[in-house]
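Peer 1: If you want the building blocks of each chain, they are given just below.
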Amino acid sequence: MKVLVIDPTACDGCRVCEVVCSLKNEGACMPEISRIRVIRYEDKGVFVPITCLHCEDAPCIRVCPVRALSRDPKTNAVVVDGELCVGCRLCVYVCPLGAPVFDPERGKVVKCDLCGGDPTCVRFCSRKAVQYVPAEKLSAVRKRAGAEVIMELMKTMGIPGLGVSGG
Amino acid sequence: MFGWAGKILHVDLTKEKVFEEDTSRYSGEFIGGRGINIRLLYELVEPGVEALSSENVLILGTGPLTGTSAPSSSRTEVTSKSPLTGLLGQSNFGGFFGAELKFAGYDCLVIHGRSSKPTYLYIEDGRVEFRDASNIWGRDTFETMNAVREEVGDPEAKVVCIGPAGENLVKYASLIHDMGDGAGRTGMGCVMGSKSLKAVAVRGTGKIPVAEPERFLEICEEMHSKLRSVPDFEEVYVKGFDEMSHYGDMGWALVGNQERVSWGLKTEAYRVIPFIKKYRIRTRACFGCPLGCMQFIDLPGVGACLQSCQGFVEPCFAMKIPSQEDGFRIARFCEAMGIDIIEASHIVAFMMELYERGIVTDRDTDGIRLRWGDPEAAMTLLEKIVRREGVGKLLAEGIPKAAEAIGRGSEKYAMHTKGLSHYVYDLRAFKGCALATAVGPRDLVRSLPVEYLFRYAEVFSPNDVEEYLKFAKEVAGTERAAVPSSYEGKAAVVVYQEHEHAVADMMGVCKWTTTWLGMPLTSKELTQMFNLCTGVQMDVSDVLRAAERVINLERCFNVREGVTRRDDTLPDRYFKEPLPDGPYRGEVLDKDAFERMKDEYYTMRGWNTETGIPTKEKLLELGLTYAAEELERLGKLPEKM
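As given, the protein sequences belong to chains H and P, one line each in that order.
Under this note's numbering, the first residue of the first sequence is numbered 1, with each subsequent residue one higher.
Under this note's numbering, the first residue of the second sequence is numbered 168, with each subsequent residue one higher.
Everything labelled a hint here was simulated from the structure, so no lab data went into it.
Beta carbons are placed, not taken as given, at the ideal position from N, Cα and C, and that holds for glycine.
Incorrect hints may appear among the rest.
Derived DSSO-like pairs (lysine-lysine); straight-line CA-CA distance at most 30 Å [unchecked claim]:
| # | chain 1 | residue 1 | chain 2 | residue 2 |
| --- | --- | --- | --- | --- |
| 1 | P | 568 | H | 44 |
| 2 | P | 803 | P | 568 |
| 3 | P | 406 | H | 128 |
Per the computed footprint, the stretches of chain P lying under chain H, defined by three or more beta-carbons under 8 Å from a beta-carbon of chain H, are [as the list claims (entries may be wrong)]:
| # | stretch |
| --- | --- |
| 4 | 379 to 385 |
| 5 | 665 to 673 |
| 6 | 792 to 805 |
What follows is a list of derived Cβ distance ranges for each label pair [claimed, not checked]:
| # | chain 1 | residue 1 | chain 2 | residue 2 | range |
| --- | --- | --- | --- | --- | --- |
| 7 | H | 84 | P | 793 | 54 to 64 Å |
| 8 | P | 707 | H | 106 | 51 to 61 Å |
| 9 | P | 709 | H | 106 | 33 to 43 Å |
| 10 | H | 154 | P | 739 | 14 to 24 Å |
| 11 | P | 381 | H | 8 | 52 to 62 Å |
| 12 | H | 9 | P | 296 | 51 to 61 Å |
| 13 | H | 83 | P | 385 | 22 to 32 Å |
| 14 | P | 320 | H | 106 | 21 to 31 Å |
| 15 | H | 159 | P | 739 | 23 to 33 Å |
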């Protein structure tokens, strides 16, 4: 099982994920309706990709009054059934990240479906700020990244025991 | 239309009126961006119009690929008559403004007239508001953008603005967007200031329709991955480029008002990486860019802003400032005040040289001791320029006017071509760069000849040397065209690269992805993406022909203002003072060989070699009948070469 992870410390704010998501799903370049958005704090140099992270216990599924949201058994993605959706937008509000997108043109909610298991945004992200990784390995991957930060710090501080490049 | 938003927005500040025009009127012949911009400018600004009068227009144009999934599709081209040179003004910026303008429904924004009071524009999905800017007039660019976003009540609004320098009509004032993307060259911020226009904010929620979405997405993915897999991707774009020391090692960066090359090879002081490591918050990319050449730097006590390449290089080298912290401080000041870092660095360097040589004294400088490398002196002088105070009033007019007023032989040290300063790049050993600077529509950076890349390869990546020799052989028929100190084949290379780089500027894609920097995208790839995006079927040769049309019309604009072959020149320093040090020690530009390169260039262009003016035959061939007729009326049109 793979999961989508976002890494705001890696994102450089280019927004290519938005434009390719909309092109893939809507056939046009239209960030406003992209299932992934990058919230840019341009004067602080902080860029946070926001998209559905397909919660294990998803509030949107629970809140939907017409049961339009469900889990895709193949990808584990939380998906919306456009036929059922009545456009009440409750899911947009209960989502802790505000990830579902209300499409005013259709009067319905659209959202990330992991492109059926091969997310387009991941394929384009040059900084690996959006990744699609095996869930089982996620903890080890994150810990290794954390360890690298500590190793770098130790090097900078000249703490010995790190081989020739240490200090 | 696919690719294009379809509309050009004209805003008349005098009448507070707007009107729209179809992009399709021009897109067939001029594609977009730099192309449509010159077409509009040529028609809207009559010859002889004062750049700061209300008859001048300021054009911000995007290309058909701007705002799409094409890599690095962020660009906006700014075009106007330049108040600094009195000729064609053009500058180009990235960031997020261009894409947003298209999402708001417009390919291009043309600003006419002059407002009677400080104003800013808010463009939101096809609606335009004229808003009072009295509260933000006087504020620096970073404060202005925050204030505007707050006032319009949308943090996603994209703002481009001027700072105090533009308000005070400093002739080389810039437009600034985001944290330091800027259209710096040729005084576009001064034009905006003269219109009492403080900022343009834009917010768009619309779409750019694509002709063949699936195939376009596929080819974009291929191009993105091509760029991501350049060998030095990690080295340059993730860690940060050590350009200053690299330029020094190459013998390419000029120091101290273009006098020397290597400054005794003190390049060790300019290792940028430790500086970046210490003060970088992160790398930052413009819209849709897989490279991300910008560094978001936050220097304690100074503040934050973006730096790509020129920010550090220009003040440090031109003024011999030995610390990057000081270089950054000056660069950030220029961005906050909205003044072109290139022109500003060189006018201060010019004054420093005059001071060191005793041509000007404390009496001329309001008591500022303009010693080489003194960052405090530089800052004090720049502050005066921005406020047009004391000596700053004169220096705000630009290098040629300053030299003229100072006299006393200072003209000899005025390093400019047609009123525009050069970059800190060598023009004595690098003959193609000399040619491109002299004959080009703006300056060297508009189109960089391959010799720069060849030299870079010689020093840092010998494996690539062959590739550039092969490229030179293909383009110019001789490998010598890649060798900096050779005069051979340079005209062919300059013509070729002027077209290639114009294509990127017309499409709305960053030149950084092209052969300009040895990157993999050429007019061929851009044309493929263009065709799938717009549904228009053009051959590469059609697109290159459009680029040629653009270069010719740009030239006609300048010819109309009086430019001839005689103006396509360089200061005497490059012809008379051999490089005193560095790997090209002793190199100087040979006047006859230089003029021969120009002959070759004009001949290849189909321009008259005596006058440097496009011939009737060439203009008609390119469909520029109106330009031919006008030049004929003005008695300037040569029948043939």
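Peer 1: Against this structure, judge whether each hint is valid.
Peer 2: To see whether the hints hold, each was checked on the structure:
1. P:568 / H:44: Violated: residue 568 (chain P) and residue 44 (chain H) sit about 40 Å apart, past 30 Å.
2. P:803 / P:568: Satisfied, since the Cα-Cα distance of roughly 27 Å is no more than 30 Å.
3. P:406 / H:128: holds (15 Å)
4. 379 to 385: Three-residue rule met by the stretch 379 to 385 of chain P, so holds; n is 3.
5. 665 to 673: violated (count 0)
6. 792 to 805: Check failed, 0 qualifying residues.
7. H:84 / P:793: 54 to 64 Å: holds (59 Å)
8. P:707 / H:106: 51 to 61 Å: violated (40 Å)
9. P:709 / H:106: 33 to 43 Å: At 39 Å between Cβs, range holds.
10. H:154 / P:739: 14 to 24 Å: Violated, at about 57 Å.
11. P:381 / H:8: 52 to 62 Å: violated (31 Å)
12. H:9 / P:296: 51 to 61 Å: Violated: the Cβ-Cβ distance is about 38 Å, outside 51 to 61 Å.
13. H:83 / P:385: 22 to 32 Å: holds (29 Å)
14. P:320 / H:106: 21 to 31 Å: holds (26 Å)
15. H:159 / P:739: 23 to 33 Å: Taking Cβ atoms as reference, residue 159 (chain H) and residue 739 (chain P) lie about 58 Å apart, which means the hint is violated.
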